[in-house]
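Novice: Here are the chains, one letter per residue:
2 protein chains.
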Amino acid sequence: MTRGHRNGTRVSTAARVSQLLIGRPLRTSQATSEEIGSIEGLPALSLDALTSVAYGPEAILVVLAAAGAGALHLVLPVTLVIIGLLVLLVLSYRQVIDGYPRGGGAYAVSRANLGPKVARVAAASLVVDYTLTVAVSIAAGIAALTSAFPVLTPETVPLCLAMLAVITVLNLRGLGEAARAFLLPTALFVVGLLAVIVVGLVHPLDAHHLQPGASLVARHALTAVSVLLVLKAFASGCSALTGVEAIANGVPLFREPRVQRAKRTELLLGIILGAMLLGLALLADRFHVGPRAGDTALSQIMALSVGRSWAYYAVSLSITAVLGLAANTSFGGLPVLASLLARDHEAPHLFAQRGERLVYSRGVWVLAVLAAVLLVAVGGNTNALIPLFAIGVFTGFTLAQTGMVVHWHRARPAGWYRRAALNGLGATVTAIATVVFVFSKFTAGGWVVVVAVPLLVLLFHRVHTYYDTAGAAMGLGTVPAKPRARATLVVVPIIGVSRVTEAALADALSMGDEVIAVSTVFADDPDAPERLQAEWDAWDPGVRLAILRTEYHSLVHPIVRFLRSLEQQPGRRIVVLVPVVVPRHWRHRLLHNQLDLVLRTALARQPGIVVARTAFRIDEEAGTDG
Amino acid sequence: MTRGHRNGTRVSTAARVSQLLIGRPLRTSQATSEEIGSIEGLPALSLDALTSVAYGPEAILVVLAAAGAGALHLVLPVTLVIIGLLVLLVLSYRQVIDGYPRGGGAYAVSRANLGPKVARVAAASLVVDYTLTVAVSIAAGIAALTSAFPVLTPETVPLCLAMLAVITVLNLRGLGEAARAFLLPTALFVVGLLAVIVVGLVHPLDAHHLQPGASLVARHALTAVSVLLVLKAFASGCSALTGVEAIANGVPLFREPRVQRAKRTELLLGIILGAMLLGLALLADRFHVGPRAGDTALSQIMALSVGRSWAYYAVSLSITAVLGLAANTSFGGLPVLASLLARDHEAPHLFAQRGERLVYSRGVWVLAVLAAVLLVAVGGNTNALIPLFAIGVFTGFTLAQTGMVVHWHRARPAGWYRRAALNGLGATVTAIATVVFVFSKFTAGGWVVVVAVPLLVLLFHRVHTYYDTAGAAMGLGTVPAKPRARATLVVVPIIGVSRVTEAALADALSMGDEVIAVSTVFADDPDAPERLQAEWDAWDPGVRLAILRTEYHSLVHPIVRFLRSLEQQPGRRIVVLVPVVVPRHWRHRLLHNQLDLVLRTALARQPGIVVARTAFRIDEEAGTDG
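Top line first, the protein sequences correspond to chains A and B.
Numbers 54 to 679, taken from the numbering used here, label the letters of the first sequence in order.
Numbers 54 to 679, taken from the numbering used here, label the letters of the second sequence in order.
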C-alpha cells in the first residue's frame, strides 16, 4: 500500500462544522445517563402544560372581547370549568401512569387497547399536537419578550425562527443535560409568577397607576353573550391544558420508584397549573384586562400587579425562557413517537435510526421544518394558532382515556371498576370538548387539523401497506434459497487510454470472468473511432474494446443500450464498473465528469446489473494550494 | 429474465417535463442545418450592436444632465466622437474577418497571437461582457415596454426575469431556427426607427404638442462643464458600440463565400448603427431631451417625433422584441466561449459537453443565473449597469486588435503593414478608451468589473494548473502498464436474512474469490449478535458472517473500519457490494435505507476499494395505487 490514508483521523470540513454545532458522536453507553426525581419531572416533562398559562387565559379573553367589554367578566366562570377539566385529566393520567409504567402515550395506549387503526388517529393527532406546541410555545415566548421590549416587535418572525434554531441545535446535540439545567428557569417562572399573582391579589399598584387595558374592546358595545361564544371561549381556553399527558409518556425517565414519582409530579403539575389559572382569571377579571396588540394579557396583568419593575422584567424573561424549554419538550416527544411509528412500520424506517448523538435526528429535523413553516405562515402570532391547537390534543386525550377503559376492563386489577369509570368520564368529557372545538373553531383554522389528521392517517396506512408488500417481496421471516455464483461479465466505460483506464481494467479483471471496455463516440467526430482503436491496439491491454457510435449527444444512453443487448444472453451476471477520478479537494470535483452518478441513475431501475465504481485518486501535492 | 423492462420506452416524469420545455434529443446530424447570408447576418449576429441605440444615447444624456440642462447640447459632439470610433472598429473588425475566417473572437485571436495568459484576460472580459449584454439588453427591452405602457413599471424585475426565462428555454432547445425568425422583428426595428428619425428630423409634431422632457434636468443650474464630465459621457456612450465584434466571431455561420458575406454584414452594421446614433443625437439635441424616470430617452424622442401613435407603439414593441433577441445573441456566445475554454483546460471540462439538444447547456445555465443575479441586484435599471458595461467590451477590443497586429506581423500578407497600422490604431484608441472608462466609472460600479476580471483570470489559471497535475497523475499521453488481475474479496453489508441478502450474496460469489457478509449491531441491543448469528447458521448460505459491534450509533463507521483492517493484508482487491432495495415508485425511496449513498460518501476517499451496488427491485403490483 503506497497511498496511505491517515487512519481515520481525516475529517471533512462539513463534518467539522457539524461536530462544532452538534457535538462529537456519543457512545451508546453514554445514553440514559440521567434519571429524574419528582421535582425535576416538572422542568423535564411539564413545561408545556405549565407555560400554557402564557396563552390560555389570553385565548379566552380574545374570544370574549369580540362580544364587548362586558363579556370579559366571563373569564372567571370559563376558567373554573377548565380547572375542573384539569382535575379530571390529572386524576385520569395518574391512572395511565399506573397502567403503563413503561410509558403510555396516547399512541401506545391506543395501539395496545384499541388496535392499530385507532392508534393511527392518535399518532396523527400527536404529530399535529407536538408541532403546534412548538410553534405556539415559541410564538408565545417571543410575545412575552416583545411585550416587555416593544422595540423588538417588528422582528417577531426572525426572533421566533432564531429561537427555533437554537432549540433544534440543542436537540440535535441530545437532551443529556436537560432536566437539571431547566430547573432554575422553571423555578424562577413558577415562584415568580405565583408571587406576582399574590401581589396582584393582595396589594396591587395604586389604582391611579392602572392603565385600563381594553383598547381593543372599548370600541365594541356589549352584545348578547351567546352560548356559542362561551363554548368558543372554553375551547380556546382549553389550550391551557395541553401537555398534561406528557408525564405519563415519560415514566421511564424517572428514578425508581418510577410510578410513585411520576404520579407525584402529575399531581404537582395539576396543583401549580390550577393555582396559576385561577389566580390569573381573578386578576384579569379585577383589572378588566382585554387583548391588546403588542402587549399580552399576561404582561398586562403582571404590569398592573407589580408595575413595569425589575420583578416584571425578571418574570417576563423567565416566561420567554420557559416557553422555549416547553417547545424543547415537544422536541423530546415527536422524534420518539416517529421512532415508535417507524418500528411499527407506520412511518419510514429512517425515523427509527438514532443519529451519532443517539437522538432520533430525522424526527428533530422534520419537527423543526414543520414548526418553522407554521411560525412563518401565521407571522409569529400565537392567537392565530390557538384554534388549531386543542383539537389534536383533546383527540389524543379521548383516545388515551378510552384505551385505558379497555385496559382496565381487560386487566381487572383490584378496584378496576372505579378506575375504568374515572377514565371513562375523562374520555367522555374530552370527547365532548373535542366536538365543541371542531365545530366552534372550524372556520378559524380548525379545518387545518381536520384535514391534516386524516391525511396523516392515510399516510401511515399507505406506508404500512407498502412495507407489508416489500416485506413479502423480500421474503422477510422466511428462509431464502442458498446463493449461487454465476459467470460474470464486467463492462468498463472508458474515455481513452490512461492510468485511470488501466486501474479500472485491473479491478475488472479481478472481478469478472470476462471484461469488455466500452467507449461512446459522437457522430460529429468521425475520426474518433479509428483514433481510439489505434490507441487501444498500441496499448494492447488484453481486453476487448467496444466502440459505441451514437447520433445523439448522450454518453449514457448508448452504454445503457449496450448493457441491455448483453442482458439478452441470460445466465451471466453483468457488472458495470465505472472509473471515477477523485481529486484530493472537494472543490475540484466539478472538474471531472460525474459519469458514475448519471449511469447509476440511468441503471437504477435495471435489476440484475450491478453498478460499481472504482476511485482513481489524484494527489495534487504539486498544486498551487497547501 | 422474468422481470422485463419496457425496452427503453419508460421515461421519468422529470424527463417528460424537461422534454416538453426543451424538446426531444437531437441527432448530431441535425446540427449546423442553417447557414446565413449577409442580410441574415444582421439579426443573427448584430442585434447586440444595433439595439445599443436603445441605451447608448440615453447613457450620454444621464451623465450630461448631472451638469444641468445646458450641458445636454454636448450630446451631439460626444456622439460624433463615438461614431468616429465606430468607423475605426468596423474597419478593424473587417480585417479580423480576413485574418480569422474560422471565427476570431478576442479569445481565439489573443490565444493565437499573444499567448494563453493574455488570452485569459480576453476570456474573462468576454464572460463579463456576455453577462452584461444579457442583463443590459433585457433591462433596456423591459424599459422600452414600460415606457410605452407605464402601468407595467412596478413589475419591472418580474418582467425582466420572465424574459430571461423565455430566452433561456429557447436556448436550451437549441438555436436552430434562430436567424430566419429574427429577420422580421429586426427589419421592423431598423426600418421603423430610421423612419421615425427621418420624420423627427424633417417634420416633427407641431411645437405645441412638444412636452419638454427635461424634468430631471430643469432643477439644476448650468454648472461648469468639466473635461471629466465629457469623458464620462463618452465612456457611457461607448456602450452603444458593444457587440460590434460579434460578426467576426461568427464567420463560420455564413454561407460561402463566408469572408465576403461577413465583411458585408459588418459594413452594413456600421452604416445602420452610425446613422441611428447620429439621427438620435440630432433629435435629442433639437428636442432638448433629458433623462426621465419611467420614460426612456428613446421613447421621448419617438413620442416627440411621431406622437404616441400606432407607429410609436409598433416601434417600441419591436425594440423590446429585438433587445430580447440581442440578449439571445449572448446566449449563443458565452456557452461557445466556455466550451473553447474547457477544451483548452481553462474551464471545467463539463462546459465542453453538448446537451441532448446539441447545445452547450451548462454554459446556458451559468449565463442565465449570472444575468438573473445582475438584474435582481440593480432592480432592472439599465443605467445602473452601463458603468460596468464598456470596460469589459473595450478590453476585448484592445486585445483582439493587438493580437491582429501580431498576426499581420507574423503572416505578412500583401499590404500587411497598412493592415497592421489600422489594427494598431484601433488597439491604441480602444486601450485609451478602456483606461478612460476604468477611471471615470470606477466608483459608479466599474470596480465590479475591475475585480471580476482578475478573479476570473485567477480561476482559469487555477483550473488549468489542476488539469495539468491531474493529467500527469492519470498518465495522459503515455502508454500505461498492462492491467493485471488480483484475488478479490467481496464484502457485503447486510441487515438480516432475506431474499435481498440472498441476491446480493449470489452477486458477490459471482464477483469474488472470497465473500464476507458484515452486519453492524449496536451495543444497546445486547442480544442482537446471538440472534443474528443463529438466523445465519439456520440459513447456512456458505458465506462467513462478521458481526461488527459498535458503541456508537453509526452503521457506516464500523464497516469502514472493518474494510481498513482488511486492507492491511495487501495483494487483494476489495469490493464492497451494497444491496439496495429499489421500489417501483420514486416516492417509496424514502422508505428504504440509503446505506449505499452513505457508504459511497464515506469510502469516496478510500482508493483501492471498489464500491458496488446491486439493486433488489420491489414490484408492489398488489399495492394500493395504480
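Hints are computed from structural coordinates only; laboratory data are not their basis.
Note that the structure is a prediction, hence the values are computed from the model and not measured.
All C-beta atoms, glycine included, are put in the ideal place defined by N, C-alpha and C.
Among the hints, erroneous ones may be present.
Claimed, not checked - Examples of chain B residues lying across from chain A (beta carbon under 8 Å, computed): (1) Ala523; (2) Ala526; (3) Ser551; (4) Asp560.
Claimed, not checked - Ranges of calculated distance between the beta carbons of each label pair, as one might list FRET restraints: (5) B/Thr654 <-> A/Glu88: 30 to 40 Å; (6) B/Thr654 <-> A/Ala430: 28 to 38 Å; (7) B/Leu650 <-> A/Val429: 28 to 38 Å.
To be verified - Computed footprint of chain A on chain B; a stretch qualifies when at least three of its residues, placed anywhere within it, have a C-beta under 8 Å from a C-beta of chain A: (8) 165-176; (9) 319-328; (10) 392-403; (11) 561-573; (12) 592-604.
Novice: Report the numbers of all earlier hints that the structure fails to satisfy, in ascending order.
Specialist: Hints 8 and 9 are the ones this structure does not satisfy, whereas the remaining hints hold.
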